[in-house]
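Student: Chains as they are written, first to last, in the numbering used here: chain Y, -14 to 95; chain R, 652 to 765.
Don't take each hint at face value.
[To be verified] Negatives, chain Y to chain R, calculated, CB over 12 Å: (1) Q30; (2) L31; (3) K34; (4) G46; (5) S78; (6) S83; (7) T84; (8) D87.
[Stated by the list, open to error] If you anchor each label on the Cβ, the simulated ranges turn out as follows: (9) Y:R52 x R:F661: 17 to 27 Å; (10) Y:S43 x R:S735: 36 to 46 Å; (11) Y:A38 x R:M678: 44 to 54 Å; (12) Y:T92 x R:K660: 38 to 48 Å; (13) Y:E27 x R:R695: 15 to 25 Å; (14) Y:E27 x R:E710: 35 to 45 Å; (15) R:N713 x Y:E1: 24 to 34 Å; (16) Y:E27 x R:L765: 37 to 47 Å; (17) R:A746 x Y:D39: 46 to 56 Å; (18) Y:E1 x R:F661: 29 to 39 Å; (19) Y:E1 x R:L765: 41 to 51 Å; (20) R:E710 x Y:K37: 19 to 29 Å.
For the record, the hints were derived by calculation from the structure and aren't laboratory data.
Keep in mind it's a predicted model, so treat the numbers as computed, not measured.
All C-beta atoms, glycine included, are put in the ideal place defined by N, C-alpha and C.
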Amino acid sequence: GDSVTQMEGPVTLSEEAFLTINCTYTATGYPSLFWYVQYPGEGLQLLLKATKADDKGSNKGFEATYRKETTSFHLEKGSVQVSDSAVYFCALSDRGKSTFGDGTTLTVKP
Amino acid sequence: NAGVTQTPKFQVLKTGQSMTLQCAQDMNHNSMYWYRQDPGMGLRLIYYSASEGTTDKGEVPNGYNVSRLNKREFSLRLESAAPSQTSVYFCASSAASGRVDTQYFGPGTRLTVL
């Protein structure tokens, strides 16, 4: 079946540091890929998505590129802020079914 | 436009008690889902409803039942609560039209079973 593997956390960075959270997937079909973010005490919300190979999703300074050849969708941000502290989930959807990674906790220190 | 709403936000039960978690969405979505989130285990799908009138088991259905009351509402029932069901429960919905299936989540219900 489909699966999503995220880099293990937690990740701790200083403000203005560069962020990368790795995500790889396996899927039998041709999935859409997503990053969701969960702030403390809240539900998940969509951060960005990409629907086909080489698409780049972007939002709030975060970016991720759909790489079919490496089956990856790594999340990046050039300069993180304290307000980016949250749990980040990589996910895929294919033929009406969604699969989530285990989440990566990011803490940004001032 | 409230999105996905869940009630209650917090609940404490004793072992063996029953309760129903309520979920409603106002986005006219076809599909609805119930997940539980435990530390270090990500999201696990309990049950889902692909459309009004249908429900299917997810990864961890034991100890739970669901009802898709209408297109808007999807409830989760614990018949006899156990400490292992202490968790945060999230309801989600999606349009489920085609490949791009963005899920929209409620704020969660934090359940403690003593």
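Student: For each hint, tell me whether it holds in the structure or not.
Tutor: Going down the list of hints, with the structure as the test:
In this structure Q30 of chain Y is not separated from chain R by more than 12 Å, as the shortest Cβ-Cβ distance comes to only about 7 Å. The claim that L31 of chain Y lies off the interface is violated: its Cβ sits roughly 5 Å from the closest Cβ of chain R, which falls inside the 12 Å cut-off. The beta carbon of K34 of chain Y is not kept farther than 12 Å from every beta carbon of chain R, the shortest such distance being approximately 7 Å. Remark: the non-interface label on G46 of chain Y is consistent with the geometry, its nearest Cβ contact in chain R lying 20 Å away (cut-off 12 Å).
The Cβ of S78 of chain Y does not lie farther than 12 Å from every Cβ of chain R; its closest approach is about 4 Å, which violates its non-interface assignment. The non-interface label for S83 of chain Y is inconsistent with chain R: the shortest C-beta to C-beta separation is roughly 6 Å, within 12 Å. A beta-carbon of chain R is positioned within 12 Å of the beta-carbon of T84 of chain Y; the least distance is around 9 Å. A Cβ of chain R approaches the Cβ of D87 of chain Y within 12 Å, the least distance being about 4 Å, so the stated non-interface status is violated.
At roughly 41 Å, the beta-carbon separation of R52 of chain Y and F661 of chain R lies outside the given 17 to 27 Å, and the hint is violated. Remark: the range hint 36 to 46 Å for S43 of chain Y to S735 of chain R is upheld by a beta-carbon distance near 40 Å. At roughly 29 Å, the beta carbons of A38 of chain Y and M678 of chain R sit outside the given window of 44 to 54 Å. Separation of T92 of chain Y from K660 of chain R is about 25 Å and departs from the stated range, judged on CB atoms against 38 to 48 Å.
A beta carbon spacing of about 19 Å between E27 of chain Y and R695 of chain R agrees with the range 15 to 25 Å that was offered as a hint. Checked against the given bound of 35 to 45 Å, the beta carbons of E27 of chain Y and E710 of chain R, roughly 23 Å apart, lie outside it. With their beta carbons about 47 Å apart, N713 of chain R and E1 of chain Y fall outside the hinted range of 24 to 34 Å. Taken as a hint, the range 37 to 47 Å is violated for the pair E27 of chain Y and L765 of chain R, whose Cβ atoms sit roughly 25 Å apart.
The beta-carbon spacing between A746 of chain R and D39 of chain Y, approximately 25 Å, falls outside the hinted interval of 46 to 56 Å. The beta-carbon spacing between E1 of chain Y and F661 of chain R, approximately 37 Å, falls within the hinted interval of 29 to 39 Å. Range check, E1 of chain Y to L765 of chain R: Cβ separation about 45 Å, and the 41 to 51 Å hint holds. At about 28 Å, the beta-carbon gap between E710 of chain R and K37 of chain Y stays in the expected band of 19 to 29 Å.
The structure does not agree with the numbered hints 1, 2, 3, 5, 6, 7, 8, 9, 11, 12, 14, 15, 16 and 17 stated previously, though it agrees with the rest.
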